[in-house]
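Residue numbers (our numbering), protein chains in the order written: chain H, 50 to 283; chain P, 50 to 283; chain Y, 50 to 283; chain V, 50 to 283.
Hints in this document: simulated from the structure, not taken from any laboratory.
No experiment lies behind these values; they were computed from the predicted model shown.
Heads up, the beta-carbon is just placed ideally off N, CA and C, and yes, glycines get one too.
Wrong hints could be hidden among the right ones.
To be verified - A few chain V residues facing chain Y, derived, Cβ under 7 Å:
(1) Arg62
(2) Thr83
(3) Pro173
(4) Val175
(5) Ile176
(6) Gly178
(7) Val194
(8) Ile195
(9) Ser199
(10) Arg202
(11) Val238
(12) Arg245
(13) Ala250
(14) Ile257
Said to hold, decoys possible - Derived contacts from chain Y toward chain V, CB cut-off under 7 Å, selection only:
(15) Met50
(16) Thr51
(17) Ala54
(18) Arg168
(19) Gly169
There are 4 protein chains.
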Amino acid sequence: MTEGAALAAAIERTRAEVAALHAELVRYGLVVWTGGNVSGRVPGADLFVIKPSGVSYEELTADDLVLCDLDGVVIPDSPGSSRSPSSDTAAHAYVYRAMPEVGGVVHTHSTYAVAWAARGEEIPCVITGMADEFGGPIPIGPFAVIGDDSIGRGIVETLRGHRSRAVLMQNHGPFTIGASARDAVKAAVMCEDAARSVHLAREAGPLIPIPQERIDHLYARYQNVYGQDGDDRR
Amino acid sequence: MTEGAALAAAIERTRAEVAALHAELVRYGLVVWTGGNVSGRVPGADLFVIKPSGVSYEELTADDLVLCDLDGVVIPDSPGSSRSPSSDTAAHAYVYRAMPEVGGVVHTHSTYAVAWAARGEEIPCVITGMADEFGGPIPIGPFAVIGDDSIGRGIVETLRGHRSRAVLMQNHGPFTIGASARDAVKAAVMCEDAARSVHLAREAGPLIPIPQERIDHLYARYQNVYGQDGDDRR
Amino acid sequence: MTEGAALAAAIERTRAEVAALHAELVRYGLVVWTGGNVSGRVPGADLFVIKPSGVSYEELTADDLVLCDLDGVVIPDSPGSSRSPSSDTAAHAYVYRAMPEVGGVVHTHSTYAVAWAARGEEIPCVITGMADEFGGPIPIGPFAVIGDDSIGRGIVETLRGHRSRAVLMQNHGPFTIGASARDAVKAAVMCEDAARSVHLAREAGPLIPIPQERIDHLYARYQNVYGQDGDDRR
Amino acid sequence: MTEGAALAAAIERTRAEVAALHAELVRYGLVVWTGGNVSGRVPGADLFVIKPSGVSYEELTADDLVLCDLDGVVIPDSPGSSRSPSSDTAAHAYVYRAMPEVGGVVHTHSTYAVAWAARGEEIPCVITGMADEFGGPIPIGPFAVIGDDSIGRGIVETLRGHRSRAVLMQNHGPFTIGASARDAVKAAVMCEDAARSVHLAREAGPLIPIPQERIDHLYARYQNVYGQDGDDRR
């Protein structure tokens, strides 16, 4: 296969994967109407694909996704290039530029995560499921509005060097990252699950902390042992 | 096409659109049993179509919708004219008469919006999704009961000149308006989403306000930039 | 048609209706596993049909329903007579004996209704939807356990002469009655909806009462005007 | 049939039953992503089958389940033996070794049960549905992390001699046991239902206790009378 054909095939696979992953946002109740998006980096290229703006999840097909370079500029004459990409495209692009290890980015306004974000309060790590998945608390990112690089910069400054793959942008909502788009979607699902469980736990009384060394132990095991060999789900 | 044929076609399109939109109320959990309704203005005519009273959402077809004039009087010998229109028809009609820019009206008893309404408390704008969609708080309308124009008047007096397309009628529930029926349904979905997120946020501690100029900026951008060109979803 | 054939046809219709109505309990999330039941009186006979005990909702067919006399005794050699009827059969039978106007009875353990029942606290009528449907608060019935007539007696003593078609049996859960099985199912759906909305409303601050004469007005209108003529949905 | 053929048939039946039961965890909202598992003892053998680690519920087939001995060691050359069993396998195995009457074990991170677990607080028995099913409060087990026998030991020490078939492991989540895998799944469903109802009840005011002799009476009746004869659902 020529290099061009290999790239075209990689773009196709990424389109199909990212389109299908939007259904997981719906299934787990993380989005209403058109308010959330998934993007995925094209392996081996400085490109990513992202949801078009304002398109419903049921109508979304692989060809609707918009192919962008790492500055968030739409690649002309590609499928979906007649559409406007998600209004969060600049934030996704910033993350891909700054964090080469990131293969996928997800943004939602999932209910309980937004509730923590509206108080600017990080989610404490008091359940073993959070220790497994995030290795500690889920942090708060700065208040930032659309229009420049401030959302992308806020995500990167908060998550770089942090165990958590999820950040709650203040007054806004969660952004999650992952080694793949699928991994970032899993982080979005588990972030909302943690936000809900800890919210409910705390409203009824004081929480029992988990000692840090136990958190460290759970996180290390989960990253290395869980799942099937060669499984990208971690 | 004659003028009569064009009108007939416009009525048919509106019937089909409004019938289908009721499924969105079910999908997003905004209604139980038969407790919510959508209406849509027929473009270019002083007419609107509305759900018949007490009919279940699964049974509802385009031909079941009731065609009314702007006084809420059923047009005789039209499909659905043997049925009673929604008991909220007078309120919808009042809105269409008073606000020519409105193309659709929705009423539900969605859970969290009703909770704010039972306290007579407006929903503060502390999340960016609300700033985008409503440009500020979602206001409370007066207590008013069925039987005269008081519900319709309360909706219009509250929403005229207000950025919000949603009003919470005290002790009752939300009414939303939009440029189209679809836009009013979107407002109903986003209103419940905001009601839920802010309810949960506040029960766990103090909220961080968003500065007014940031709200203004987000609202202006969302009204002008979001979605695809020519998209009626705003 | 002979009298015997007419009765057989009435039993068949009641079986089919009651079997189908169990799906509404599932749809509205009022039941988990096998924990809720619907019964319906056979029009023109001293008989009712009820869910068999411990059978899942997906497996339930019209022939599985158990035909009983008004003492709750299974009619021998009828379809379903090899099965044990619901363990709540004595309570349903008591209601049919004591209240000839009742055509259907429903029992669930729906979440929010159970929460009010565990505190022994009636649901105040602070939303117009409750005024429409129940004409005032939803009352609490006595603590009573299975084994004698005490549950049935508690339901009847609470609901006889009361506008509400729903009673929350203390520490137990809701029982609802109606002119038909469908009407009793509607009452179960609206009872949980009211229990949830008022629970959420009150946890965030003081509620605004609705003046009694407004409640009376709404209730009177809804009982007489809502729905289509000849509609058993009220 | 030879003894070997009978064992093979028993393994097949157990595989099919346990695979299908995972769908109940999804249906009742007890799990997100891959975070819960069911196992079932093979009748008449020192073997059990369990979910593979990190496999999604939609993809799961009977042949994917992993067959283990009572030390949790995978039986070589059996279907599914190329997969890693659930990371909770050691805990399940411990329960099967220590409690020969147990035919099924379930673990989830269901939301409300986790909330009680994060506070280390048992669920008080204030609703008759809990008295029926669990015969008293749902207890808390010790804090224990994966890596040795401590989770399995904590489950057994808490549930041995206890009426409850559910334990909330502190900071972790519920484990349930049953005479069969189906019975353990029912316990998981009813545990979350009780956790949710009692959480909501208590957040709005003081609960009415149920006298112990009434709890004893309800529990005794439910274990002996409920359901159909010969029904494994209890």
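Comparing the hints with the structure gives:
1. Arg62: violated, 19 Å
2. Thr83: At 22 Å from the nearest chain Y Cβ, V/Thr83 fails the 7 Å test, so the hint is violated.
3. Pro173: Status violated, d = 10 Å.
4. Val175: holds, 5 Å
5. Ile176: holds, 5 Å
6. Gly178: holds, 5 Å
7. Val194: Since chain Y brings no Cβ nearer than about 31 Å to V/Val194, farther than 7 Å, the hint is violated.
8. Ile195: Where the cut-off is 7 Å and the nearest Cβ of chain Y is about 29 Å from V/Ile195, the hint is violated.
9. Ser199: violated, 31 Å
10. Arg202: violated, 30 Å
11. Val238: Holds, about 5 Å.
12. Arg245: holds, 6 Å
13. Ala250: holds, 4 Å
14. Ile257: This hint holds: V/Ile257 lies near chain Y, its Cβ roughly 5 Å from the closest one there, short of 7 Å.
15. Met50: For Y/Met50, the interface hint is violated, since the closest Cβ of chain V sits about 35 Å away, which is over 7 Å.
16. Thr51: Given a least distance of 34 Å, the restraint on Y/Thr51 is violated.
17. Ala54: Status violated, d = 31 Å.
18. Arg168: holds, 5 Å
19. Gly169: At about 5 Å, which falls below the 7 Å cut-off, the nearest Cβ of chain V leaves the hint on Y/Gly169 intact, so it holds.
The structure fails to meet hints 1, 2, 3, 7, 8, 9, 10, 15, 16 and 17 from the earlier list, while all remaining hints are met.
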